[in-house]
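A.B. asks: Line by line, the protein sequences give chains E and C.
Using our numbering, the letters of the first sequence correspond one by one to residues 1 to 1044.
Using our numbering, the letters of the second sequence correspond one by one to residues 1 to 483.
It is possible that part of the hints are untrue.
[Said to hold, decoys possible] In silico SDA-like links for lysine to any residue, alpha-carbon gap of 20 Å or less:
1) K554/E x E28/C
2) K199/C x I722/E
3) K611/E x G695/E
4) K841/E x K199/C
5) K592/E x G453/C
[Said to hold, decoys possible] Not the full set, but computed from the structure, chain E residues with beta-carbon under 8 Å of chain C:
6) T596
7) A708
8) N711
9) Q873
10) L874
11) A959
12) L978
Hints listed in this document are in silico derivations from the structure and should not be mistaken for laboratory results.
These figures come from a predicted structure and were not determined experimentally.
Beta carbons: idealized from backbone N, C-alpha and C, even for Gly.
What follows is each chain in one-letter form.
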Amino acid sequence: MKKNLALLVFFAVTSIYAIAQQTTITGVIKNSSGQPVPNASINVKGSKNGVVADDVGKFSISAEKKNLVLVINSLGFKSLELNVSGQSNLSIVLEDAIVDASEVVVVGYGSQRKKDATGSISSIKARDLNSVNAVSVDNMLQGKAAGVSILQRSAQPGGGLNIVIRGALSPNGSNEPLYVIDGVPLTTVGAVSAGKTGAGGNNNIDGVDRSPLASINPNDIATIDILKDASAAAIYGAAAANGVVLITTKKGNSGKPTVSFTNSYSSQSVAKQAEVLGAKEFMNLSNIALKERWLFDNRYAPYGTTPAPSSGWGVNYTPADIAAATTSYNHNDAIFRTGTILDNNLSISGGNDATKYYASFNYLDQKSLLRTTDFARVSGRINLDQTFNKWLKLSLNTFYSQSDANNPSIGGSRTPQNEARQTQAALFFSPRIPLINLDGSLAINDLPKTPNPAAWFLMKDRSINKRFFISANLQAKITSEINANVVLGYDNTNAGRQNFSPTTAKLPEQPTSNFGGFSNNENNNFSLETYFTYNKQFGIDHKFTAVLGAGYYKANGTNYGMSVFNIPTDVVENYNLSLAPQSDLNAFYSGKFARTKISQFGRINYSYRDKYFFGLTARNDGSSSFPPAKKWGFFPAVSAAWNISDEKFLMGNKILNSLKLRASYGATGNESFLANNIYYVNQYAAVYGTNYYLGGQQNSGVIQTQLANPNLKWETDITTNIGIDFEFFKGRITGSFDLFERTAKDLLDFARLPFNSSITFIAQNVGSTRSRGFDFALNGKVIEKRDLNWTLNMNISRSFVSWAKRNPNVALSPWIGETDGVFDIYGWQTNGFFKSDAEVKAYKSGAGAVIQPGSFAGNPRYIDQNNDGKLNQLDLVKLGNYDPSFNFGLGTSLQYKSFDLNIQTYGFIGRSMFDGWQSFGSLYILADKVNQHVSVRDVWSSVNQSGTRPGVGGGPTEANNPTGITDYFLTKVNFLRLKNITFGYRIPSDFLQKNKIIKSARLFVDFQNLAVLTNYSGLDPEMELNASPFPIPRTTAVGINIIF
Amino acid sequence: MKKILVTITLLLCICVNFMGCKKQLEPEFFSQLTSNNFPKTEKDANAILTGFYANFRHDWMGLYCAITRTSWRYLSSTVTDEVNDRWNADGMGNSFNWGANTYGGLFSLAPVVARTTEFIATIDQSPLPASLKKSATAETKCLRAWMMFLMYDFYGPVNVRLDPTKLADTSYAPRPSKQQYMDWMVKDLTEAIPDLLNKTNGTASWGKVNKALASMLLMKIYMNDKQWDKAKPVAESILNMGYSLLPSYKEVFIQEGNNEVIWASPSGINVPSRHMPCSTPWNIKSMLGQNVDQGWGGQFVPWDFYDRFQAADKRLETIAIEYIAVDNTVKKRNSPDWGELWQGAIAFKNVLSYEKNSTGNFSTVAFRYADVLLSLSEIENELNGPTPKALELAKQVTDRAGHIINVPVVTATKNSFRNFLSNERGRELYWEGWRRQDMIRMGTWIPWGLSKGFAAEAKHVLFPIPPSIINESRGIIAQNPGY
């Protein structure tokens, strides 16, 4: 009893003490529109004391009276610190955190505070994207994100890009990332261009290479988030092996309508042109070349021992011809022009608490650098957010775009002179004659087989692409913790193509007088996803969120095309194909495919005191592309993060303000290799070369084209990622560094079967490739003052892709190592070239054998690596790698009072590349009266003994080189492109205040592709193997942005 | 209440998403021909057979094309004395300088042989009518033997798949013996001949393999192996199959399906001949009185070959030694203005019927009766020497051409007659693809190469096996001797 009494007294005393020191504060937390905010955490600053508000935002907390500061946090809202002095009943309003979007990253099926993210994510905001005159969004991302390599294959309007995130693991499959637009994953990126139809010279007109994203108006984009590691991407499972690009479009805010109008006008010119020989030099050198070839063909000295007779060779141009050639024509000037781009963008956004809208209209009209090529796009968007009641909300994003383009004809790699496309024909065509005759007809080249580049001015090759897209997200709040979402996606792309080549444009290699046709590709992506999210905070220390959902995806497409030739009249173009003789019906095709995928996915995130974070993600995918027992793939990932700077030993550190360590490990899948084909059945097809005539009648043959592989299964990519995010000097320096390893297990590829099998290639899970590297991004605010701001940003990354495991059933070529790089280049090393027959004979092995018997003066000298006196596959060595050593981007922005300046650059370091002109500077071809790049002056010959390029004749040694590659024209290339420099001037607000309509106005001028620093001798280091590409123009844009 | 309804609807949606899977994931085929739906009918079987025939087309990549590295005819003609070709291995082809990778193109036939084997087994077990089974099997066997013969001609015996039960085998075996390989070819042909079509000239089957073609193949297999006694009855059997010499040499290449031709690689608007761009010079307007298209001008008849014709030889009507250029100047041999003729004369044989037919629509003559006569003459000479019979057989061919045989010289010895036949076969059959194997059989190829100053050696009678094949077999498949 005594004991009990003592206890009672003790409690009484302590509680009296407590009452004396503490106060109880109650309150309610609401958002800016007055709705209660549930489950916010309320902490007393400087103590461990904290509570969580209830479902309707009410809370009650006891705390020390003195200097009481409450810290209120809730997901999606700005953190609030409140000095409570004497108040006991509070009404707290939290501001939406969305206002500062840099704090939030979009992840699959939700968003996270950047602070809480455990994955490796690059997030790019609209303000960092230069959308001036940009046709497609991928182009704008060049150099912006660490680990994302974007190279431009073609600079035609909206031209295609190679986008690779952290290394290309698949040697033959697609390495393109998955695109998710407003929550809708695109199963196929859509019909880019309908196929060309028909033969008969028609091949020469096809140069279309357009980005599938060219149908999306870049001005509508609010954020782009790139998920790079498995923990971030695994929620997209089977489609995410190459990374995920999440594109989120702009939304309306409540308030008065805001109208934004942007107009820009750009002018484009050729940045670098291929330099070709002028008329007289062309004719003289062509004569020399013909004689040199005659010397070689007949093995006269210096290509043999017999001295050359004094006559017998042909002459291309007589002295009179040469004297008459007083004018030299540069045909590039004829096919190129000053390009223009007119870009108009109008958007209006606004709304109230219940309804928010964003609508935009874009019109872009580009007359490109190449005279034949235009691009015009009209697109409209309506994004609508409608709150029906306290628990039901609809978010609808929809757009339609239509583009109409006349396609270019650009050179492929090493296209011979008689099949040249327009850009190449301009190089090959004789400089002594103008393209158009006095009577208006097309001039015939000195070598009549080379097409006249002006022929394309008369041809039509139009692509009309349409895209209709809907993403509808219905969100229901079932309880305060559980949300349900239904996301419906529909993406319809339709690519039409029309071509017609009139009689007047007949190419020399074209057997038909004219041809014309139509083709069309239509693709549909339909998706339906349902998912639940669960948010719960237990006490103040434990936060828990979960996502669980399922999806159904259907992609299908149809295509058809037809073309005819020898239409009796040009007048009807391709609009009355039935006029053509029936026997001349030339090409017709149609096809249809469908693919289905079904998925279940989930994610759990748990955080302890905002200091320790754990994530678990998984996805189960079933695809119709795989055989019955192998349809399903399961892709899990785990991740963790640690906010080290919240630990005691770093808390309050004046230099290092924030430091977070992240680690993740997980799997994603890949089936892109299988594309739109089913590889587990035998297939037969009427392919090229299966027609045969019997009794004068054409019979269509069919051959087996595919051998079934009933054991095909998912390719699984395992990614390990370790990274840190850091912040120094109060946010003046921020950045992140990630180390990664991606391993493709069960890599999908074609495997070689024995040479005498009925089909020598089969789709198989062949082995394993691996990419290792790092991403590093750094941002600095050098000066941060009211009138003067200067920031710098840089990123650098490396990924090296090598083989981890080879296919044991296929013998490896002896020169290839088991774990070599996937993109290694093998070939013979050279050591200059022979300048005389004596040098050939003097080139001997240690044992005294002539190493290159039968070689001629002018042939390269190859290094006999094993010194056995023979050149063969044993002398192949690794010469380089097509992957760059490093990719980088550098940028800066400066703002002084009303002026702003932005500079963005990007490039790579250490990529082995061939000189794109090596096939051009050919004396051998010049002998055929085909003009050449000026490097032909440097070709060694009997009259140019100081030449630096190998000579006119082929040697016998090359035939023993199984790869056909030598290092003679191989260089390690570095480049840096000055992508854009933008100057802007914001009209001072005091000036605008007098005029109450305009809220803000900015004038800008933008210079694009001003310079490329490179050691590459070809036209452009981004377009290596394309011998005559559509060049990246130099662009100057001026424009204005007005917000009403 | 509404909330509950919506929740239930959502749950239903998710259930559908989770469960509606099994059947949904069945693949859908709309436009593909797969093993599920093909080949099932007589039409399907004919389509596959047509696919095999198409290997022998004279369009790009075909075995009878005027150019491309997979054309047996192109390679066989351009490595010999009868055609000088600028593109053949970068202008090096005629110089005995080929490397390990130069002439591997005909290995593309090995998969086709495997497919013929599979097809023979498939139709055997199919419910197709017996008559179709019989004819399709015979045609397929003949085509298979023909392809094997062409590979053998270039590379010697190579691994081919003739056992339908081992088509999926991925192991490698050493190369078969010569005897084994010969037996396979002979077996296929002798089994096929009885069921093959008789003469197809002028019928709807013109273009198909027939008894005479199969017999000629068998004859050549024996001749090339110098089994003259076995070659003789086969060659003689062809004499009674209804073919005859045309009075005019030139007309053989103009009249479609004429009585001398046993098989020609058929032509049509979508399978045209490619001789026109390959052989005609870039600046030509007309030759031999006929307008032609300008071409790439890369193939010429060397002047030393041309000079082996007698001046009055009517076969020269098919070779141009002058042409009219687009600027109306005449380019002529041995004149100040050679034009492109400094490289040689222009073969005109395969372009003769150009004006008569529409673009590309002239067949490439490949198997014909004159060859049978010259072959029989050769067999007779090898068996019994230059007998009057041997001379008489050859004279049927030379008389038509107006070529005068210097009988005492030519018939002096077996060897002299053989040399005469070697030259005569060149004159008669130039550009028909037989030249390389003819010269090898008659022993004139290596000496010709040496006479031109090339590094010709005994090993050159076979082309090398591409190293990629030796590598993939991990060395089990052996290289040809000398390489």
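A.B. asks: Would you mind marking each hint as holding or not holding in the structure?
C.D. replies: Evaluation of the provided hints:
no., hint, verdict
1, K554/E x E28/C, "holds (12 Å)"
2, K199/C x I722/E, "violated (77 Å)"
3, K611/E x G695/E, "violated (83 Å)"
4, K841/E x K199/C, "violated (58 Å)"
5, K592/E x G453/C, "violated (59 Å)"
6, T596, "holds (5 Å)"
7, A708, "holds (7 Å)"
8, N711, "violated (13 Å)"
9, Q873, "holds (6 Å)"
10, L874, "violated (10 Å)"
11, A959, "holds (2 Å)"
12, L978, "violated (42 Å)"
Figure legend: structure checked against the earlier numbered hints; hints not met, in rising order: 2, 3, 4, 5, 8, 10, 12.
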